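Colleague: Each chain is listed here by its residues.
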Amino acid sequence: MSAGISPAGRDPRLDAGGGLDVEAIRRDFPILQRRIGGKALVYLDSAATSQKPRVVIDTLVDYYERLNANVHRGAHTLAEEATEAYENARATVGRLVGVDPSQVVWTRSTTESLNLLAYAWARRHLRAGDVVLLTEMEHHSNIVPWQILAREVGARLQYVPFEPSGQLCQESFRTLLSERIRIFSVVHASNVLGTVNPVREMIAQVRQAAPDALCVVDGAQSVPHMPVDFEHLGCDFLAFSGHKLYGPMGAGVLVGRHQRLEEMEPFHGGGEMIESVSFEQTTFAAPPHRFEAGTPNVAGALGLAAAAEYLMSLGMDRVRRHSVELTDYALERLRELGGVTVYGPFRGELKSGLVTFVDRDVHAHDLAAYLDSLGVAIRAGHHCAQPLHKRLGIASSARASFGVYNTREEVDVLIEGIARARKLFGSRS
Amino acid sequence: MRENSSAADPDPADREIRQRELWRDVLLDHFRDPRGRTPLAQPSCRREVRNPLCGDRLVLELTLAEDRVREVSARARGCSLSVASASMLAERLPGLTIGEVRDLSRTVQAYLTASADPAGEIDLGEIEALGGVRRLAARRPCALLPWRCLDTLLGEDAGVSNEPLR
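If you read the sequences in order, they're chains A and B.
Quick note: the first sequence uses our numbering, first residue -15, plus one each step.
Quick note: the second sequence uses our numbering, first residue 77, plus one each step.
Next comes chain B alone, as it looks inside the complex:
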């Protein structure tokens, strides 16, 4: 975990604020140094989405082989929540089976929309740091964007119907 990597921590008051509010250290770390920003040379599938409310954009690419995710590129342009969420997704997915990805996505979305506690069968790990949006309905779409995009991408690939974003 990167919970203590407070490279930019100039103000104790800010530290207090961000612990209390949305921005836990692990989230800021993903925001400042997002994983999975490199475009994939030969993605198996690709999708670009926007959050029309704030203009956030995301390009999500996966390479799949033998029912597993091999590589992920998640390039988000937007607020800290959407960038960090995309980064966490990119870090977490490689190596998982399609079924595991679906379970993870469902769990993450249930968690972020406050319909379920994180204490389930799947350990969310760093993704729990996005939990600040659970009580901020206006910011939820930001954190959900990459996961909803993932759903449509897998839906497309696996022949499952697409759900509209948002």
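So that you can see chain A by itself, here it is in the shape it has in the complex:
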């Protein structure tokens, strides 16, 4: 990507030491100029959705100003150009995770990607008595579709538990391995604990026990923050969202292994996904278009590709390093502050750029509302992971999550805000 590169050829967003120049990166994100109640915005909710760089916003505008046409239809110039841009975007996003464009299926979100699998693959292959193996740290979107399906066909759901350290219990996992496993769907990085799971090793073990099992990775919280290589994971499918990856909302991805994509029935029926239709029957298009019924979100796909380019231009190794350093700093500051219980591993290297905690004195919702008055945006609640919170024995928690644009100074503002919130709420008898 040429945007942002100085005449000397050095990208000002990269520092000489293999890290990121965050001040330069921040200038790429227009929303960071906003003030909240007179205070500078401190955005620490990137795990919910990341902010968007100028290049992504410009891509959306440019598409509608210059290219807009329906893709894979008409023979006019605009349709040609839109189609080419749309398919190029597929290739770009594929490059981010090391796959061929023919393996990239556009969806709306991680949630839709997982539902697509549940309906288009599992509905046909899952039988009574089969096991769907999940973990206790799944987002609702990687639980509910499987529950619905399991109830329909009489399959069983099993969950790998996690230890107090916030890591999956590998011993329990091994006891759950069996040839009955038909689907293994696991979160790469927990949206609450931050834990980065050893999915490659776990998938290899599942395959030993159940060679035909479908292995799925929820990459919503990992792909934006670290190098992820589809082949290296060894999974059949990888799902992730555009909007957590500095791309627009409403554009997500399902990456699949060729053979699995081939054996899968369509998810939705309609235009775009057909080869030929008569009143009696339909021949379906080849993957990935087979799973993309109807007019797609072309602008979203282009925006997501622009975001992927943006990340690749920074370098995922640098992105990861920044995330680890900032997480370590936040964990250290929380430790100094005291009076909070931090959930998940206590080392940035084991996490995906977030800290989740409960304050001894201040309810998570009070904390989030108070911090908002200081311009600080964090998440409070169960983060769409109620079973996980139940396992932790808490109803809700506070979460600060980081992106490429966050600084140590912003972590300091968070910590000071927590201390101030305690003065306000903490003197309860």
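These aren't lab readings, by the way, just hints derived from the structure by calculation.
There could be a bad hint or two in this list.
Using 20 Å as the maximum straight-line C-alpha spacing, the simulated EDC-like pairs for lysine to aspartate or glutamate come out as follows [said to hold, decoys possible]:
#1 A:Lys374 / B:Asp105
#2 A:Lys407 / B:Glu124
#3 A:Lys23 / A:Glu393
#4 A:Lys374 / A:Glu120
#5 A:Lys374 / B:Glu124
#6 A:Lys23 / A:Glu7
#7 A:Lys407 / B:Asp101
#8 A:Lys407 / A:Asp356
#9 A:Lys23 / A:Glu259
All values derive from a computational prediction rather than experimental measurement.
Please arrange chain B on chain A, whose structure you already have, making use of the hints.
Modeller: Here is chain B on its own, set in the frame of chain A:
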């Protein structure tokens, strides 16, 4: 009124923030020192509810005699808004007739959901301090929880149908 009882007021900036935001002094006072926390020995009716979104819990007990509320216990565990709201409810109810309680509850809920101004026939008094949630839809269930619980409790007792919470 306890508007000036600023026992813990360490930071002028905080004072400004909480006046502007949700936390008026009277609300914080109810939060720090909630009324009606003692369980009733022989309640006429009792109900326990949760706000599934944030896990807030509330146990509400009433003793009724001759169509009037005599004693109230409202034990909330949750954020400042739900605790303060329960405390205000516990302080306000004793002595009211069932009909008056129903009118009050209706007025409070209309006020908190911003569908009516507080200037009605019923003076809300300290309960007005919960008004910050009127423009914060996400926090409304916290402040409403005790009142909705009260509705179901009275509904049960008076044979009126229960409405689901939330």
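Colleague: A separate judgement is required for each hint: does it hold in the structure or not?
Modeller: Structure-based check of each hint:
Distance hint between Lys374 (chain A) and Asp105 (chain B) is unfulfilled; the C-alpha atoms sit about 31 Å from each other, more than 20 Å. For a cut-off of 20 Å, the pair hint linking Lys407 (chain A) to Glu124 (chain B) is broken: about 30 Å separates their Cα positions. Restraint check for Lys23 (chain A) and Glu393 (chain A): satisfied, since their Cα atoms lie roughly 14 Å apart, inside the 20 Å limit. Distance restraint check for Lys374 (chain A) and Glu120 (chain A): the Cα-Cα separation of roughly 10 Å lies within the 20 Å cut-off, and the hinted pair is therefore satisfied.
As the CA atoms of Lys374 (chain A) and Glu124 (chain B) are separated by approximately 19 Å, the hinted pair is consistent with the 20 Å bound. For the suggested pair Lys23 (chain A) and Glu7 (chain A), the alpha carbons sit about 18 Å apart, so the restraint of at most 20 Å is met. Our distance criterion of 20 Å between C-alpha atoms is met by Lys407 (chain A) and Asp101 (chain B), whose separation comes to about 13 Å. As the CA atoms of Lys407 (chain A) and Asp356 (chain A) are separated by approximately 16 Å, the hinted pair is consistent with the 20 Å bound.
For the hint pairing Lys23 (chain A) with Glu259 (chain A), the CA-to-CA distance comes to about 56 Å; that exceeds 20 Å, so the pair is violated.
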